[in-house]
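Please build the complete structure, drawing on both the sequences and the hints.
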Amino acid sequence: MAITEKPSAGPAIPTRRVITTEPRLSDKVFRGIVTAGGLSSLIILGLIAIFLAYQGYEILVKEGTSFFTSSTWEVITDDVGEVQSYDFGLAAMLVGTVLCALIAVIVAVPVAVASALFMTFYAQGKIKAFLIAVVDLMAAFPSILFGFWGFFILMPKVEYWSLLINKYLGWIPLFSVDAKIFTRSPFLAGLVLAVMIIPITTAVAREVFDQTPLDRIQAAYALGATKWAMIRAVALPYGRGGVVGGAMLGLGRAMGETVAVYTVLNIVYQINWHVLFGAGGNVASLILLKFGEAKPLEIKGLMAAGLALFLLTLLVNLLADFIVARTGKKGR
Amino acid sequence: MSETKVSRSVPKPSKPWQPSAAERAQSLSVGVLAALASVGLVALTPMKGVLPTVIFFGIFAVLIGFVKGTFTRGSTTGKNNAIGILLGLGTCVALIPIASILQTTVSRGYKGIHTGLFTEDMSMNTAIDPITEGGLLHALLGSLIMVSIALVIAMPLGILTAIYLTEIKGRFSRPVRFLVQAMSGVPSIVAGLFIMSAIIYPITKSFNGLMGALALSILMIPTIARTAEEVLLLIPNDLREAGVALGGTQWRTVAMVVVPAARSGLITAMILGIARVIGETAPILLVSGGGDAINVNPVEGPMGSLPFYIWKSFFFGTEEATTRGWAGLLVLLVFVLILFTLARTLSRRKVRR
Amino acid sequence: MSFSDSVSASMKSGRDFQNRQEKLEKDATMNESDQAKSPKPSSLASVAKSHISRGNSARRLGTGLEAKGIHAWFGSNHVLADISLDFASGSVTALIGPSGCGKSTFIRTLNRMHEFIPTAAMAGEVLLDGKDIYAPGTDVTKIRLKVGMVFQKPNPFPSMTIGENVLSGLRLAQLKVENKDDLVEECLARAGLWSEVKDRLGEYGGALSGGQQQRLCIARSLAVSPHVLLMDEPCSALDPGSTLKIEDTIAELSETMTIIIVTHNMQQAARVSDYTAFFLSDGGPGEMVEYGKTTEIFSNPRDKRTENYVTGRFG
Chain A
1 MAITEKPSAG
11 PAIPTRRVIT
21 TEPRLSDKVF
31 RGIVTAGGLS
41 SLIILGLIAI
51 FLAYQGYEIL
61 VKEGTSFFTS
71 STWEVITDDV
81 GEVQSYDFGL
91 AAMLVGTVLC
101 ALIAVIVAVP
111 VAVASALFMT
121 FYAQGKIKAF
131 LIAVVDLMAA
141 FPSILFGFWG
151 FFILMPKVEY
161 WSLLINKYLG
171 WIPLFSVDAK
181 IFTRSPFLAG
191 LVLAVMIIPI
201 TTAVAREVFD
211 QTPLDRIQAA
221 YALGATKWAM
231 IRAVALPYGR
241 GGVVGGAMLG
251 LGRAMGETVA
261 VYTVLNIVYQ
271 INWHVLFGAG
281 GNVASLILLK
291 FGEAKPLEIK
301 GLMAAGLALF
311 LLTLLVNLLA
321 DFIVARTGKK
331 GR
Chain B
1 MSETKVSRSV
11 PKPSKPWQPS
21 AAERAQSLSV
31 GVLAALASVG
41 LVALTPMKGV
51 LPTVIFFGIF
61 AVLIGFVKGT
71 FTRGSTTGKN
81 NAIGILLGLG
91 TCVALIPIAS
101 ILQTTVSRGY
111 KGIHTGLFTE
121 DMSMNTAIDP
131 ITEGGLLHAL
141 LGSLIMVSIA
151 LVIAMPLGIL
161 TAIYLTEIKG
171 RFSRPVRFLV
181 QAMSGVPSIV
191 AGLFIMSAII
201 YPITKSFNGL
211 MGALALSILM
221 IPTIARTAEE
231 VLLLIPNDLR
241 EAGVALGGTQ
251 WRTVAMVVVP
261 AARSGLITAM
271 ILGIARVIGE
281 TAPILLVSGG
291 GDAINVNPVE
301 GPMGSLPFYI
311 WKSFFFGTEE
321 ATTRGWAGLL
331 VLLVFVLILF
341 TLARTLSRRK
351 VRR
Chain C
1 MSFSDSVSAS
11 MKSGRDFQNR
21 QEKLEKDATM
31 NESDQAKSPK
41 PSSLASVAKS
51 HISRGNSARR
61 LGTGLEAKGI
71 HAWFGSNHVL
81 ADISLDFASG
91 SVTALIGPSG
101 CGKSTFIRTL
111 NRMHEFIPTA
121 AMAGEVLLDG
131 KDIYAPGTDV
141 TKIRLKVGMV
151 FQKPNPFPSM
161 TIGENVLSGL
171 RLAQLKVENK
181 DDLVEECLAR
191 AGLWSEVKDR
201 LGEYGGALSG
211 GQQQRLCIAR
221 SLAVSPHVLL
231 MDEPCSALDP
241 GSTLKIEDTI
251 AELSETMTII
261 IVTHNMQQAA
271 RVSDYTAFFL
281 SDGGPGEMVE
291 YGKTTEIFSN
301 PRDKRTENYV
311 TGRFG
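Residue numbers (our numbering), protein chains in the order written: chain A, 1 to 332; chain B, 1 to 353; chain C, 1 to 315.
Because the hints were derived from the structure by calculation, they are not lab data. We put the beta carbon where it would ideally sit given N, CA and C, even for glycine. All clues stand as given, with none of them false.
Here are the simulated lysine-lysine pairs, DSS-like style, with alpha carbons at most 30 Å apart: (1) C:K153 - C:K180; (2) B:K15 - A:K126; (3) C:K68 - C:K293; (4) C:K293 - C:K131; (5) C:K68 - C:K131; (6) B:K79 - A:K128; (7) A:K28 - B:K169; (8) A:K62 - B:K205; (9) A:K28 - C:K176; (10) B:K15 - A:K128; (11) A:K126 - B:K79; (12) B:K169 - C:K142; (13) B:K15 - A:K227; (14) A:K157 - B:K48; (15) A:K28 - C:K146; (16) B:K111 - A:K157; (17) B:K169 - C:K146; (18) B:K12 - A:K126; (19) A:K167 - A:K180; (20) B:K48 - A:K167; (21) C:K176 - C:K198; (22) B:K169 - C:K153; (23) A:K180 - B:K48; (24) C:K68 - C:K153; (25) A:K128 - B:K12; (26) C:K304 - C:K68.
Distance windows between CB atoms, simulated: (27) B:I96 - A:A179: 28 to 34 Å; (28) A:K126 - B:I96: 16 to 22 Å; (29) C:I117 - A:L297: 57 to 63 Å; (30) C:P98 - B:R174: 33 to 39 Å; (31) B:S100 - A:K28: 52 to 58 Å; (32) A:A325 - C:P118: 18 to 24 Å; (33) B:Q103 - C:P118: 52 to 58 Å; (34) B:R8 - A:A233: 43 to 49 Å; (35) A:A325 - B:Q18: 37 to 43 Å; (36) B:V54 - A:A36: 54 to 60 Å; (37) A:A233 - B:M47: 38 to 44 Å; (38) A:L236 - C:A207: 40 to 46 Å.
If you want it as structure tokens, here you go:
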């Protein structure tokens, strides 16, 4: 019951023991199964890349860089259906995809940040709960609903707005048009996509603002800040990473959206920067459009297009992850 | 002690920091003033329509709020008021589309609702027939079957992923978390293309419900995995330690303590997964075949589904077909609403516990 | 808990008559010793004085636990240096000291909960019934069955009823027991909770008050009949009334098992323990400054730092 005598020659620190925890067989099996399940996302994403590349490989090799620089997408067949020549170029579609998605983000982010700030710092009690519920509900709406709503309800209005914008701001190259055709323009597609990504961007931003440390908020108020001064000094710097991440997430969604864009965008095989003009491109919509009557050769081309879209969205997501991780560390 | 309490008069609780009636009236007057000004401006100038009125209402509200604040308490308050009004208006902008979507779907869709809708299929009719003929039973059954199969595949994988991230915390946790995030961003049409390239072309060469379900499960896994991870993270670490300290192996602790404690949250994850894919259209269009007759065999023959039915209806373009499409959208919307309400009720119960 | 309750509880829990006899005798000696010795200036010392270590009981489990030269690290941070303590079977040992001195880390090395923190490392030996629990090839699960643990915050399993909670250890470790109802009653009685919950065994554990939940957690650890019970600040989240009940429970339990309790509360250490170890960290790794009989530590500490701590000059 006595204390063991300490060695007199200073505190001699022994080497650390190697702890061997031999898990039971059941735990080993459990860990194996869970790890296998946990890696399913890696496996599935890998398989997607591999199979799309395998199917689209032939076209990618034959077309080379012109797959990304040319805008023609055609297969010429003779009378009996033999393929005479073909040309697969994705440039117009890629430009269109990015253009529509950028319009969506530019429109959606201010609205999303405003509503996220309003929900976090202004709305209270039942109104706050109601707003959160409505925005979350909207995030669960299927894209087909947005598509047809955009087609039937939004399109006539946007046509009129486009006319006005073109009339008064037409001197800006972006808003000029060669012919006054405003139906199914990239602008309309961008607006529909904006409506679709507002909920997710709002949700991400709101979650980050919600985590603003209360002590910092109170410190700002204690220094006599108004609500807006507090938001600018505390909440916005803290939530910056979340806002950017939410925006990137929205960008990724907007790029990959298919049916909603398909219903409201006029697919034209020519690069078009004039956002109000009724001609645009979209990789996902191209796949849906061409798929029905595609012959095996064209399907290979579509697989290559799918691979390009997949890698593009993966890249955007990677970027979003990177930005959130970096600004997240710095801002907090 | 209780005796002294009785004799003491308790003051009435008050909240002096809340806006008084006069202040409320003042805030309201800002709105009324802005509304009057915008309506007046639009009436006096050649502009017409709702849009300019709304835009000018916003501008006037912000301006009047700024001026009022500046005059009563200085420019800092003025700016604060203006920004507050601006943020409120931004929220309204976010809410207008959802109100419009709900209103449109209900007002256009209810015309297509009739008793036969849930008892008949479209094998004997086309979308341009009168509304009262045919129904979407085949689509409902098809959606139900495909979503169920997708759930059977995605639920274990999603939950295992979540358990890997929260319980095993293995070496690959960070990449797996990123990959799940990346997977939730995979365009739905790519999921369809993948099933075609990996299964339909090389192996089965047929379009059926199982293929649709496989594509849907790819989209479902990340939703389930992320929600389940959040739920499992909420389970206090104490419980895991208590389980292990009682002599449980990790496997038994997770199975008997952690997962049961997270049960309602995991059901929420499942419901959100269903809501995520029930209206998914693009992959269904590519791989499920999409029949008009009832087909309950997922491995043979084309299978209809709600999104396919809606899609097909709208492309006939006639009034009957469009009404059918809206009716289909209404049914889909009701499903989403039910699932969403269920998920929220469940997750609220989890918080209360 | 009234006296008759505790008697009936101990009868139900299968104690023999001799045990009660012993208890009565002990009460007698307690009164005697109180009067005999002159009170020390420190009130804590007088509390400790009133507590007398027990005689040997026949039904003790195991031969005790011994820690030899325990060191602990988190990453490169050396948090605990060279702790050697021998916990005799049937004794209550309190570990006291200011926050961050490594008490909790130490107690967690005793049932191998330490290794759950990914960066953790340790050195030294922990002998349970003479065998090193860190020896290669040891079944960790069996160790934790013999060394039970009660945590700071009451943590009954939310998905289980009160009865299921008590039996959860058996289910987790896949042990068979013949008469479950008897075991539930015995464990709850020993934890001093039976009379309060006997009519509501089917309710969920979360429905109980904090103090009741903590006693349910004690009952839960008892069901697998551990030789040693580790308690990591079991009363820090509880009100004084519940604390008192838990202390009663500890006194009951110490007749049959070895108890090691970490506490922030010096009065509590003085009330419940036979031996006390004082831990301290001066910025470096936590060390054990002094160890001895509780009466000695509180009335006549050898080390100046111990004296300063127990008299409230710091900490």
